[in-house]
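**Student:** Listed here are the chains, written in short residue letters.
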Amino acid sequence: MFLLNAWYVACTPNEIDDKPLGRKICGQSIVFYRAQENQVVALDDFCPHRGAPLSLGTVTEGKLVCGYHGLEMGSEGKTIAMPGQRVRGFPAIRSYPVVERYGFIWVWPGDAALADPTKIHHLEWHDNPEWAYGGGLFHIACDYRLMIDNLMDLTHETYVHATSIGQKEIDESPCKTTVEGQQVVTSRYMNNISAPPFWRLALRGNNLADDVPVDRWQICRFTPPSHVLIEVGVAHAGQGGYDATPAHKAYSVVVDFLTPESETSMWYFWGMARKFNPKDKALTASIREGQHKIFSEDLDMLERQQKNLLAHPERKLLMLNIDAGGVQSRKILEQLIAEQTAQQAAHTIPPIVPAT
Amino acid sequence: MFLLNAWYVACTPNEIDDKPLGRKICGQSIVFYRAQENQVVALDDFCPHRGAPLSLGTVTEGKLVCGYHGLEMGSEGKTIAMPGQRVRGFPAIRSYPVVERYGFIWVWPGDAALADPTKIHHLEWHDNPEWAYGGGLFHIACDYRLMIDNLMDLTHETYVHATSIGQKEIDESPCKTTVEGQQVVTSRYMNNISAPPFWRLALRGNNLADDVPVDRWQICRFTPPSHVLIEVGVAHAGQGGYDATPAHKAYSVVVDFLTPESETSMWYFWGMARKFNPKDKALTASIREGQHKIFSEDLDMLERQQKNLLAHPERKLLMLNIDAGGVQSRKILEQLIAEQTAQQAAHTIPPIVPAT
Amino acid sequence: MFLLNAWYVACTPNEIDDKPLGRKICGQSIVFYRAQENQVVALDDFCPHRGAPLSLGTVTEGKLVCGYHGLEMGSEGKTIAMPGQRVRGFPAIRSYPVVERYGFIWVWPGDAALADPTKIHHLEWHDNPEWAYGGGLFHIACDYRLMIDNLMDLTHETYVHATSIGQKEIDESPCKTTVEGQQVVTSRYMNNISAPPFWRLALRGNNLADDVPVDRWQICRFTPPSHVLIEVGVAHAGQGGYDATPAHKAYSVVVDFLTPESETSMWYFWGMARKFNPKDKALTASIREGQHKIFSEDLDMLERQQKNLLAHPERKLLMLNIDAGGVQSRKILEQLIAEQTAQQAAHTIPPIVPAT
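Residue numbers (this note's numbering), protein chains in the order written: chain A, 10 to 365; chain B, 10 to 365; chain C, 10 to 365.
Chain A with its partners taken away, still in its complex shape:
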């Protein structure tokens, strides 16, 4: 069961530059493409004629043309034309609310009547000259909630990412989790420590000495449906830490948009927005490369953890203080999904049952 009434990142704009993109989101196969005036459209990836995936077709003058028999699909899910056919009686296919914003394509897989683009998470770094951004996409064979757990408990860095961002002090410093409405915040501050390799790179990237003691912070913020934005950074020790002036620190936001594919697989849009030396493209590239390597280290662990959990559905997991971020995030999700179910029942809208 997914939270369907929510905005998920579906893809990045470059993925629909040349041709339609087929992607399964929350169990629903969707085709994304650019219609007239570059407007993004999201439709059921199923031609009403014979069931071919529309994503195997082409876009011609803003119309999606089925690659099998040439049916022309309109941006609202109604067939516009088909060679030699009257199409007025053709059944419509489902159209999904979709918005291009902040460098991402966002889709709403639930009840279209409830889709409000103002609820899309604001990303302040987009088109902002003080910031630079780089990121990527992974497909992972695990429940997206395992990734929420992962990102809301960064003690794993010490073990999974021992050679880059991990360090013993993460474990040793207590974290604090608070819930503010639908937001869960887990924060940890480590003072007067040695910077691990990735952060030395970042310090040098901001023309700062990398061999002096630093203060380090990690502030993980979960918001539904499955966004985790993490303020991270280091400042030269004694300069105010998180509150130090930009000249004394390297400050970034780790960006994690988790989009469920099925109950046991997900799309992971990851990236880093940094607020230092934003014009240095080589630095953007090297940070992106480093992050790609680091985040790759999680994949095997998450996929093997998923297999273990599927083999033992009866086992209860521990919920320690370090797990509070994930536990609270899941609680908010469960509550929202329960509300969604109640709402559907009340409105006698037939429940949306995605194919798995």
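Just so you know, the hints here were simulated from the structure itself, not pulled from any lab data. Check each hint, because a few of them may be wrong.
As the list makes no split between identical chains, a pair holds if one copy fits it or if it spans any two.
As the list claims (entries may be wrong) - Straight-line C-alpha distance at most 20 Å; calculated EDC-like pairs for lysine to aspartate or glutamate: (1) K302 <-> E81; (2) K28 <-> E306; (3) K288 <-> E46; (4) K316 <-> E270; (5) K325 <-> E81; (6) K325 <-> E312; (7) K316 <-> E272; (8) K177 <-> E81; (9) K33 <-> E312; (10) K33 <-> E323; (11) K288 <-> E178; (12) K185 <-> D136; (13) K72 <-> E343; (14) K325 <-> D219.
Starting from the structure of chain A, add chains B and C where the hints point.
**Tutor:** Just chains B and C now, kept in the frame of chain A:
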């Protein structure tokens, strides 16, 4: 549910030249090999001793020898000998009616008592000096009936095969479907058009100008269980089209023998028989190569369509005029399968339930 | 259903040299590693914290450290420590009796109270200067009992291993099967025959002529749960055969430890212990290489046989005299499994239901 009381193409002779061939047909695992005097034999691919696939064995002096413990199987499914054993009491395995004819091995997966070799589809081009033939084999992960639909509606050529045999005029010219007994015929004639690349190759192959207007025809003929033979060709415009004399046209038959493997996979024996310049082997090779490339373009579409249909069994597909050929062919199949089921019940023959 | 109250070979020592090893045995995912003083430990491969496989972790000063969040697991399945946590209340995970002996790691996947290391099969060649040993490991997608059948009926050598150890005389010489308690013995003696290629290599390895008639023997011994040790060899004809003095023969034991992974897959620990020219390491290597090649020939047959049997569970296989070894071995297994089930019921111990 398959139409079992029918002749299917099982393989080509070269596939059993050196050793036995194991192939699953209509859900039944069958071993094919050449017994004495080169006669083709088809048996259950299951050694009665310990269940080893007989197709992993060898053929020695016309006897199929199990590759595990040396059981010698006879062409009627009775064990002939086994080192150190008396084999009289060994259970027989099923033997299938099988015939080598017209350059193919044909098998009858149903009730052997009903198998009549005279019902094998006559292929007039075989061993006929006026014709040349070339072809190949694909394995496709789709219901064979999706391929029937594909071949009985050639409007897909415009989209799937846009760079070779497709052209806009196919779409724009109406097709006509008729049912003649158990045969379904869908035909389309396009006059005074430009020949697409594949047909330019064919015209040159018959020493005809390829840059003049042509008349083009496509006459698709479905016959049970799943043969689709398509008369195709082009003639210089104004020379009588389909009825033009051989000197003014390039005339061929596209050969499509579809053999179900399981409910969602099939063997596709494809080829082209041409009635022009038959002695030109280089032309045969280049036509075969072109057809291989063209038919490869269908595979991804068919397999992805199959997945879409499996994910949405509840959705009804459209049946347009262009789909009439497939629709009528499926109707004939359904009727024959219903008759087969009734016949089995009446004769109190235990129903043949193939393993899937 | 497996015989759980038994010692199985889990791995070889080199497999846990550097890091933990995860291996599924009798449907149970187990992690093996070396704790303090090199003692081997076997635990449930499931971290009690969040279900990560402990086998993805590391061993630090004899403690197994989970690779996800640093939980330190003790050798009895109790959590020792975790950064920033009190672990006293953590649930224990299952610990398995495990013993390192004779060059193998042995595990007891059943009731720990019944595990008696003295019941581990004695291997006389280990650490014995009169013997040399070489071997390897295969993963095979078949029920381990199909491999018992294979090894207790060596007539298959004539067909599967025709170019190395097979010869027509195996088929032609009757075998004899006896049951001695829980041991099944199938033996075959062939006198005054020509040695096949593998045995010519062995004769030369013992500085004996390889082109003279030999006496050959095969004495297969099954003992539960699934060990098959086969005395094999050739002696120059007329020197006493099996009883010939070492100077006139090449005598070996084929070692087969079969460890079920799931109902349809297994780990196959194979090897050969030889009692001639034991110091010749090049000979050990070439025998091992030959055996690797020969035993590889069985894999496809076994896996395809398994598929055939899964497709036709209703079919009964033949049980010929040559099959007596496998049939009797399976009977002993069935009886022991029935006893195990009865014992569990009587002691009201909850039955051990491994995940598949």
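**Student:** Which of the stated hints cannot be reconciled with the structure, identified by number in ascending sequence?
**Tutor:** Result: hints 1, 3, 11, 12, 13 and 14 break, sorted rising.
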